[in-house]
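Please build the complex by placing chain E on the supplied structure of chain C, with the hints as guidance.
The chain contents come next:
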Amino acid sequence: MRVMAQIAMVMNLDKCIGCHTCSVTCKQTWTNRTGVEYAWFNNVETKPGVGYPRRYEDQEQWKGGWMLDKRGRLVLRSGGRVKRLLSLFSNPDLPSLEDYYEPVTYDYDNLISAPASPDMPVARPRSVLTGRPTAITWGANWEDGLGGAPENAGADPNLSGEWAQKVKFEFEQTFLFHLPRLCEHCLNPACVSACPSGAMYKRVEDGIVLVDQDKCRGWRMCVTACPYKKVYVNHATGKAEKCTFCFPRIEAGQPTVCSETCVGRLRYLGLLLYDADRVGEAAATPDEKDLLDAQRGVFLDPHDPEVVAAARESGIPEDWLTAARRSPVYDLVMRYKVALPLHPEYRTLPMVWYVPPLSPVLDAVDAAGGDQDDPDHVFAAVTRLRIPLEYLAELFTAGDTDVVGGVLMKLTALRSYMRERTLGEPGDDTALKAVGLTRGEAEDLHRLLAVAKYEDRYVVPAAHKEDAAALSAMEDRCPVETSGDPEPRKIMLGIPTLRRDTTAGGRP
Amino acid sequence: MTAAPLSPAAAPASGTDLLLWVAVPYICLAVFAVGHVWRYRQDQFGWTSRTTQLLEHRWLRWGSPLFHLGAFMVIGGHVVGLAVPGSWTEAVGITEHMYHTTAVWAGSVAGIAMVTGLGMLCARRLLTRQIRLRTDRSDKVLFPLLSAAVLLGITATFAHNVFGAGYDYRSTVSVWFRGLFVLQPHPEAIAGAPLLFRLHALTAFLLFAAWPFTRLVHVWSAPIGYLARPYLVYRRRATTPATAAADSRRAA
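Respectively, the protein sequence lines represent chains C and E. Here the first sequence is numbered in UniProt numbering, starting from 1 and rising by one per residue. Here the second sequence is numbered in UniProt numbering, starting from 1 and rising by one per residue.
The set of hints was computed from the structure by calculation and includes no laboratory data.
Distance ranges between label pairs, derived from CB positions: (1) C:Thr322 x E:Leu133: 52 to 58 angstroms; (2) C:Asp109 x E:Leu133: 18 to 24 angstroms; (3) E:Tyr40 x C:Pro121: 47 to 53 angstroms; (4) C:Ala135 x E:Leu195: 52 to 58 angstroms; (5) C:Pro121 x E:Leu133: 23 to 29 angstroms; (6) C:Thr134 x E:Tyr40: 36 to 42 angstroms; (7) E:Tyr40 x C:Gln165: 54 to 60 angstroms; (8) C:Arg2 x E:Met98: 57 to 63 angstroms; (9) E:Val219 x C:Glu151: 42 to 48 angstroms; (10) E:Gly225 x C:Glu151: 46 to 52 angstroms.
Virtual Cβ for every residue (Gly too), placed ideally from N, Cα, C.
The following block holds chain C by itself, in its conformation from the complex (with noise of 0.2 angstroms):
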């Protein structure tokens, strides 16, 4: 047993009102920069929907994520280690710009210089790539709220069985959810295993996955295999980059800046202990549908005796120890096992994971003329209503129905049981037993998600101070430095650097 520490992220989908403000946090502190104008670490998508890069999910066409060969044996989608550094030259599975979007500015200019004229003038947009006026035709979110459904929605990579064809897009009948993605810090990477220069890595101490921007040669393999397409590539300094899960802010103890700006409260932050020797079993397992439990069988129990002494062994150190004891995604995904990771299938073991939104299931019983408030109406829901839980089980469980209902039952069971004990009335646990919940647990997962306090959510321990030399020394040293600097600038993080005129060819 080698006992690893991850700082990991649920997300309580029910609560997300897809408001962007992680993802407007997020771009103010990492990604305002000449380069990354097309670049969201975090986004927020509208499900169903193409998704940020368009169709990223389908891999048959982009390659991402890893696979069982005819042999079992698990490698990378994209190909073995000598076709990848075949298509060094061209690699034929990269997104281009069109695939995101393209970045535009407006010319805010015009607004005060413009001549006096009998009309109002405008600040027309112009692309950030070549300086000229340009059309807007797609975004990163393009499709907020189901813009656009009946034409774009439908190309939804996860609309693919044949229950897909009932999906409707029409306004009284169609569902909709938000879904928050940022880089999933995998246990079994497949970003870092197909980086040929080495430059990707994953932190031993908290399992954060970052781009050493010194090592990276821009050989944008890292693009490619990631099936989330989080990694993007910086075309002003030709090199990768992503979502770093803002380690200044984490090896403080302070919550990411998705996190602690999300206005829905609906981020947990936490430890998760796992047996780092058992990660290539799990990513191997034959059967998709097996993923999940197979992942949860790498995470450790911190109560257990014997997990706590392998952990010292490892040097994790005691107070990070009773962290992962207080951890609330530890409590999400092991012991309420209500949370799920995003599309398990890919077998890179992702660390970020969802609650199922509620709210879909929900919708459909009131449009049937049944009672949200009565679990067996939406007990009874649940099972029948086949469009959402297949389309959710697409996302969360490779497809495994059974998994997603159960997390939805229980969901609506607590619900059911703390209205009844808001109300004054004793509550009856009949639906709470149903679904394998104590009283006291339905509290305390209530307290959870419900009540969802700043301390319970977010169990960050500091990095420690022996490692205090080695922090400081990043202190002056922005990851992502910008290019095309006589000498490096010492950027301090936090403080927002120059405004840098964002027209490719300078001011138009």
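Chain E only, in chain C's frame:
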């Protein structure tokens, strides 16, 4: 056009010849070596292939593999032609005619692939606005210089060895080139070579001088080690090279 047979008693080299064929090559090689050391120590962040595939991929898809694979063959051909003396190849039973025929055929194929590829890469750089705007000063030196060296080389081959009477550069240009590296320069050996060969040699040395300051440095980062490395890379925060570098900067 054939060169006069070379003899040790050839006329002493003129001042111009000394400058062009001894001083300039040595200066260029010195800049090449020192430049690389300086760049590697100072500019790891800028050390990249500077890919533009994200912005344009249709031309790159053909142009880049053609150029790179052609370049590998061309470089291989140059190593054989310049570094291996004719007497060695004849000692293993390869006659001058056999060598020449192979060199002309393989060289032509490689050269045409490289020129076509480079042409496509230059074209996309010029014609695609978003790439043209991201072309920096080093590219503005590199692309013309590389094109000049490649075009002069292929023109020399075609003019003299494909359509011409044949020119045995191995007894002149190669002698001069090897002499530079054993510190016994023979400027007179190349001084009599045809103009196209001399210009090609000169642009090639200028390219060497420019090399460390351009994106060509990515050549030295060809990721061969990837073939043998474990897939997953773990690193400790405390021992990252970035930290070590920052520490050493601080100490300095």
